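A.B. asks: Sequence lines, in order, name chains G and Z.
If you read the first sequence in the numbering used here, its first letter stands for residue 15, the second for the next number, and so on.
If you read the second sequence in the numbering used here, its first letter stands for residue 22, the second for the next number, and so on.
Don't read these hints as lab results, they were simulated from the structure.
Treat the hints with caution; some may be incorrect.
Below, simulated PhoX-like cross-link-like pairs (lysine-lysine); rule was C-alpha separation at most 25 Å, straight line [unchecked claim]:
(1) 681(G) with 47(Z)
(2) 280(G) with 241(G)
(3) 639(G) with 38(Z)
Predicted model only: the values in this text are computed from it and were never measured.
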Amino acid sequence: MTNKSNNGFNTWQKSFEKETKKNFSDAKSETDEGIDIKPVYTKDDLENFSFVQNNSLPGQWPYTRGPKASMYTNRPWTIRQYAGFSTAEESNEFYKKNLESGQKGLSVAFDLPTHRGYDSDDDLVMGDVGKAGVAIDTVEDMKILFNNIPLDQMSVSMTMNGAVLPILASFIVAGEEQGVDRSLLSGTIQNDILKEFMVRNTYIYPPEPSMKIVADIIEFTSKEMPKFNSISISGYHMQEAGADNVLELAYTLADGMEYVRAAMSKGLDVDDFAPRLSFFFAIGTDFFMEIAKLRAARTLWAKIMKDFGAKNERSLILRTHCQTSGVSLTEKDPYNNIIRTSYEAMSAILGGTQSLHTNSFDEAIALPTDESARIARNTQLILQNETGVTKTVDPLAGSYFIENLTEELSKKAWDIIKEIEELGGMTKAVKAGIPKLKIEESATKKQAKVDSGSRVVVGVNKYKNPKEPSVDVRVIDNNRVRDDQIKKIQVIKESRDTKAVEKALTNLTNAAKDETNLLIPCIEAIKLRATVGEVSKALEQVYGRHFAKSLSVSGVYGKHFEGDKEFMKVENKIREFENVNGRRPRVLVVKMGQDGHDRGAKIVATSFADMGFDVDMGPLFQSPKDVAKDAIENDVHAIGVSTLAAGHKTLVPELMRGLKEIDPNSKIIVFVGGIIPEQDYEFLYKNNVSAIFGPGSNIIESAEKVIDLISDNLSKE
Amino acid sequence: MELVDKIIKGERASIAKAITLVESSKDADQQISRQLISELIKKPGESIRVGFSGPPGVGKSTFIESFGSYLVSQNYKLGILAIDPSSQITGGSILGDKTRMVEISKNPNTFIRSTPSRGSLGGISMGTREASIILDAAGYDFIFIETVGVGQSEIVASNLVDIFTLIVGPGSGDELQGIKKGITEYADIFIVNKNDGELKIEASKTAADYKSALSYYKKLDELEKQVLLVSAIEQTGMENVIKTINQIIDQNKLKGIFDERRADQLEYWIEEEVKNIIASDITKRLTSKGNIPKYSEKVMKNEMSMYEAVERITKDTLKQ
Chain G
15 MTNKSNNGFN TWQKSFEKET KKNFSDAKSE TDEGIDIKPV YTKDDLENFS
65 FVQNNSLPGQ WPYTRGPKAS MYTNRPWTIR QYAGFSTAEE SNEFYKKNLE
115 SGQKGLSVAF DLPTHRGYDS DDDLVMGDVG KAGVAIDTVE DMKILFNNIP
165 LDQMSVSMTM NGAVLPILAS FIVAGEEQGV DRSLLSGTIQ NDILKEFMVR
215 NTYIYPPEPS MKIVADIIEF TSKEMPKFNS ISISGYHMQE AGADNVLELA
265 YTLADGMEYV RAAMSKGLDV DDFAPRLSFF FAIGTDFFME IAKLRAARTL
315 WAKIMKDFGA KNERSLILRT HCQTSGVSLT EKDPYNNIIR TSYEAMSAIL
365 GGTQSLHTNS FDEAIALPTD ESARIARNTQ LILQNETGVT KTVDPLAGSY
415 FIENLTEELS KKAWDIIKEI EELGGMTKAV KAGIPKLKIE ESATKKQAKV
465 DSGSRVVVGV NKYKNPKEPS VDVRVIDNNR VRDDQIKKIQ VIKESRDTKA
515 VEKALTNLTN AAKDETNLLI PCIEAIKLRA TVGEVSKALE QVYGRHFAKS
565 LSVSGVYGKH FEGDKEFMKV ENKIREFENV NGRRPRVLVV KMGQDGHDRG
615 AKIVATSFAD MGFDVDMGPL FQSPKDVAKD AIENDVHAIG VSTLAAGHKT
665 LVPELMRGLK EIDPNSKIIV FVGGIIPEQD YEFLYKNNVS AIFGPGSNII
715 ESAEKVIDLI SDNLSKE
Chain Z
22 MELVDKIIKG ERASIAKAIT LVESSKDADQ QISRQLISEL IKKPGESIRV
72 GFSGPPGVGK STFIESFGSY LVSQNYKLGI LAIDPSSQIT GGSILGDKTR
122 MVEISKNPNT FIRSTPSRGS LGGISMGTRE ASIILDAAGY DFIFIETVGV
172 GQSEIVASNL VDIFTLIVGP GSGDELQGIK KGITEYADIF IVNKNDGELK
222 IEASKTAADY KSALSYYKKL DELEKQVLLV SAIEQTGMEN VIKTINQIID
272 QNKLKGIFDE RRADQLEYWI EEEVKNIIAS DITKRLTSKG NIPKYSEKVM
322 KNEMSMYEAV ERITKDTLKQ
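The shape of chain Z in the complex, shown without the other chains (with noise of 0.2 Å):
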């Protein structure tokens, strides 16, 4: 494919419309974007994936123009998919994140990538994971997926990366109590942003905060969780931020973690590939056969209870 070739020379608008493909809801174009994917996934680059997540109003986009600059500032290449929440139900987004990246947007060593989550579970939308398999094979040395920290999307968004960060205000720590358990499970570090000017009191009471509850639920064999403190107004704090990375990095090689992440990941996408396509295959069988009026008037009839129903119905679309 001529669009790989592009990709790998790190062709910006091959890159962006490869993207556009990968995200498309159109039928060929998804099979353009498998089997582009397929060839990419042969030519993996190095690339280490990081997520960040976070409460709106943390100053995620913020932080992330801070580090950022930090990091093409060290001559690193930067990747990134922000995912922008600011979906309507009815009509389309406005996607503002570049509004708040304004150095690093400007910076030939970047790419930035918004999307519109459309509502998807977890704030994760449809072809986030394959984008950042494009920016991998595009030379990208750092990509970071941004979501916004609602429900599941820590979870989902914990499925696509390396290594997985939350960013939490001062004086969060109170909703430790609520956010606890599935939280130490999916976060490597915790970031303790607005580390600056009246905050600063609080933000450092919040980390300690962070750090005696996360070791209480620390499990025997897991690394020590990090909590690290920010600035991302004054620019405080962001060699500790990659330094902290790359140990993190370094330590899951070393111990096989990195790999078995990885490995999990892809069963994962599997399971998740398979799930779709049999639901889309059932869905397009339920709605020919037209069974679920059907029934549904036989059970207001009384003529048949509700589960009898629901087992004849699926008996009948899984025979074929």
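If we strip away everything but chain G, and leave its shape as in the complex, we get (with noise of 0.2 Å):
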């Protein structure tokens, strides 16, 4: 460091180390990404920089700065609200309401039956219907939930990725039975299954077909509609699921080469499609660094487009919308959240996104309300409005600090891009579950640093709130929301032409065979009235339904509490339970119905393991009858249900039953950890479940309180 010598700096250190009694050079802090972070930056600190350019111009090479040179002074990010539930019909309400109260876009959450290729009538996703999103069976929903919404106008975005077919079917030919040409529709579809291998399991396929399904659909939208953005590559997901900042970043990039080079494969020309890729990444509390993570991403994807050979400027540029952070919502002390999403909202602003979705505070414990969605929306009404951040393209460059952590990043996320690229690629580097497990393990380190408070979160871990608020929550009448949209069904199905709709299923599974685009025999099938399930199922004749292995990581978590007082009492009592009982005290974790999200479910079974539980863990996708024999079969003392996705109130009674169904005298203690709203606790008690534990809870406090109700349990045989 040059610096070093000058007498200004050298001044400033003697003070540094004067007022902090630290030696300068220990004075760093460490993020989860492995940054260490200085106390304070200088222009040293712009030197040697592989990546970023130091006098570079928004809307031009290498993009750091920004896709466009005017940015928000020119028109600001489009405000994004993601939301759906229950029926089309209460949707498409509650999409209009939003879209008076400016709202400029619209973004689709799908239910998980749709998700996954099920209708609402199959058995498997009983508990699941309309809970965490709306339920679409058939064209005819789609229709409804885009009623007195002209697709002609209104940019839709969709996450969707398993069914992305019968889905964007569903979509093309509802516009055009509003009378807009396919070719007119603007807006985003998700497609990005790789990330569901990784993190949210929303998959149907095998990776192979159904990467070869992504392509089909960039080919197809390149061709006949230019206005739609064929991917969203995701790092949101991964974010949630644990990842750090380099994970995240490094991954989605790497997504998005296997992406490009699947569309290339078709015989499409670079220039020909990734103009309209574009991606999506959370914005966790990290404020400075998710700022630069938004730059390092646009840095880096230039020099990878240019790499392909992209000539075109547009295919140069990463365009991406962000979410805040729902990992980073608490169910305690709920009012937090606002702050919180407030703080996220603006990193995303500072760090260049084109739009934005800010999540309702509400949501670590159900679906927003009409009144927290307001709220939400308001957090970035009021950004536009009333603090001036439109008004100064990329405010933050030159800073000594933001520029070299963008650097930082950049380069830690190359290393890791390098690595998978020379694993041969992203399908490969997932079927053999590398980034999974790389995420579960960054997961569980930032749940540890939780837990032993050397990470303080508000209202959870330190500063509690002695009066903690009730708060009303939406609530979803799933067995409601299930017979209507099975009724719809019925209807279509007997007014439709049955052969017909036969033979175009057949004609589908034809192409599957034949690796022609599926998507043009999909809308056929569509368009003759075909259900969502009946396009995936005939699809699955041809490529199977994936299911997905499960690998864990060990010792993760107990690392970090060597020597911790509350980690050795559980530990003890573990250890006690095994000379009195011969055996250590077993749980078996499990998700039911069609919820993917395992990150919660991870955690939990690696840490618990660590203390010196023996845990089962439990397939995705399980009905509560597979639980039972289960739990039955390897005479578990108690089962842990992981629940993000609102179907416990199905789910769980189902469980309870079937255990008894088995064995009428079960001795197996039922607790449910996840997102849970408070109003559903009583039920839960008197279904019999012992413990509940809501988001944020304390791991080594649940795992004492779970391991002393086996023991309280045994001792009343």
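Fit chain to chain and form the complex, with the hints in mind.
C.D. replies: Here's what the structure looks like:
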């Protein structure tokens, strides 16, 4: 450091050391990403950059400062709130209200059965219909969803990956039947299947055919839907699952490279489709890191696309949607979430996002109410209209710290990208389960930091609210939604031309064998009123359904607690339990229904095992009956149900019945963790649930409670 | 015993509780467990016990899911004892086998139990043999014992089963040099998995390598070892596996090898139990007499040699 010999810096350093009583060289703090943050940055920190260029301008190579020259000074970012629940009718009402209140674009959340390609009348999805999003079974539902919303004027983003073919087909047909040609449709379909295999688990088919479907959609939209983004390459769900920012950045861009290759393998020129690739990142609470991440993402993508031979400038530019972090929201002291979301939104804006979703403060508990959705939307309206952030493009450019952090992130991400490329690309890495394992390791580390108190979460592990406020939440009667959907399916099945539908479905199956573009026969089938489930099954005949192998990390959680009193207390209790009972306490950790968010379940499994429990991991997508059989055969002491998609009110009583059916004297206790509104607690306790752990529960305390409950239960025998 | 009747009736929860008993390290449980096993042994079923082993990553669980699905589709009742290798020394275990046996674990004609190996020799846990006796009495046609293929596990596992199967992956032929002799003695069938997609040619080549190597080590009076090609993912080759198992069992029964093996295994079991009892008895005596520290001190002071000390302690301990 040249500045070290500089008098000014030396004086500063002395003052710093005097004030802090620390050596300057020790005064660093390490981030989750393994980056050392120094207490001060200087001009010297702008040197030796390999990625960031110090004098670049917005809208110019390497696009660090933004995809456009004028950015928000010309047009602010799009306020795009993600929403959807219960039936198409109710979601449609909600959308129209939001549009009247200042929202600019739509973003549709589908329910889990739709994601996984099941119709609402399928027995497998009993607890999930209309819960975490809107239920779409046929094009009729899609038409209702956009009733009185002109699709030639409204840009629509759809979070859909598994059942991407029937859903995009339904959107196209719904447009056509509104009188809008497909070439006029604008918006985005997520269509990012690789990250589903890593974190979100709403896939249907195995990786290879899934990649073929992605490529089919890129091919079709590049030719027929010039205003439509064919894919939204998403890091969001990785951060939600616990990835740090370097992992999120690297894996997202590596996914992007894989999609580019898939599209090029269809004979498309890179410039034919690259301008319509879009991205989606999460914005968490690490304020400056998140800003740097967006700047680094644009810098790296420009380099990547140049290496792919892109000539059109628009191919080089990374455009992104952002959403504030859901996992940063807490169930405890929930109004704090409004503040967290505001800072996260500010990061996204300073990082230069093209559109933004701000979470509602009650989303750690349930789907947003009209009121909480309003506050979330107003967070952005205030930023746009009151704070002045739109008046200057990339206002943090030139900051020693931000520029240095952008470079550091770029370097670290680039190393990981190179590793993935050496493995043969993301499809292969995903099949080997490497990214999933790395993300789980990162998630477990983060959780351990919170549980050990080395990371403060206000209202959760420090500054707790002595009077927790009670919050009204949106309640969805999923049995009613399911009944409504089943009736609609029946009416359609009776009125459609069954023979024509069957023929269209056979054509689709044949197309899958022939490897021709699947969207075209899919549109035909949907037009004739084939259901989402029927279309998915027609393809399943050729591709099969994918079942994930589950790998687990171990030891990561326990490492943070060496010598920790609370941790050792639980370890001792378990040792004592083993001496008395002749085996360790054994717990089955499960997810039921179609909810594939398994970060919580995985963290509980590894941390409980680190404390000394024997932990059985159930596969994803189990029915309550399967879980009961599994639990009884392994003679577990307890079942831990992880639930994030609101199916618990149907699935948990079903599990209790299942246990009693196999063993009327079953003594297995059941505890539930995840996103559970307080209003449901009483219902669950009435159904003999022994304990409930909401978001932000301390795992060691939870483990202690579980071992105590098991011991009590055994002593009753 | 009430539990015996319930097991014979095939009551799932009772079978599970019985397995817990035989795996328990508690003295009281072990006593009940001995009583239980003594009764069950009098009422044997007709199960065929098949051992599956193989190195990590060859797709053992996926193969068992695939082969098991085939068997239950043929109306066989299938019990699976999976010894989970993911044990840690300090913490508990994560038992993830069932995440790879999604379809068969749902089937009412299966019973699947995972057990942490706890780092015991050969990956076979305490109680595996007893658990297979319970499943046999409960009327399961096949009992699979799945172990992770490290170190001595093949040898220990092969002492629990009627037929022993090694699952290998394409390209593993080179490893033959390392595993050659022991393996040919203990395994009856070699299954080359992943005979699909890009790996097909490699899989066939590996199968051929195994065949030629095995014929080289074959003893005169021995049955030919079988090498089979399967794809767990595409579910191909499964009919051939069951056909081969049945053939070997029939032949072994005809030649008396089947009963001979079971007799050998009984001998081995008795020997093991006796050794265990003696060992734990001796350990108790050693600790209560406290001879070792005493003599060790003498050795340190050069008052006697190490071997002299050993001899004295041994005599002292055995004398009673």
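A.B. asks: Indicate, hint by hint, whether the structure satisfies it.
C.D. replies: Against the structure, the hints:
no.	hint	in the structure
1	681(G) with 47(Z)	20 Å, holds
2	280(G) with 241(G)	21 Å, holds
3	639(G) with 38(Z)	19 Å, holds
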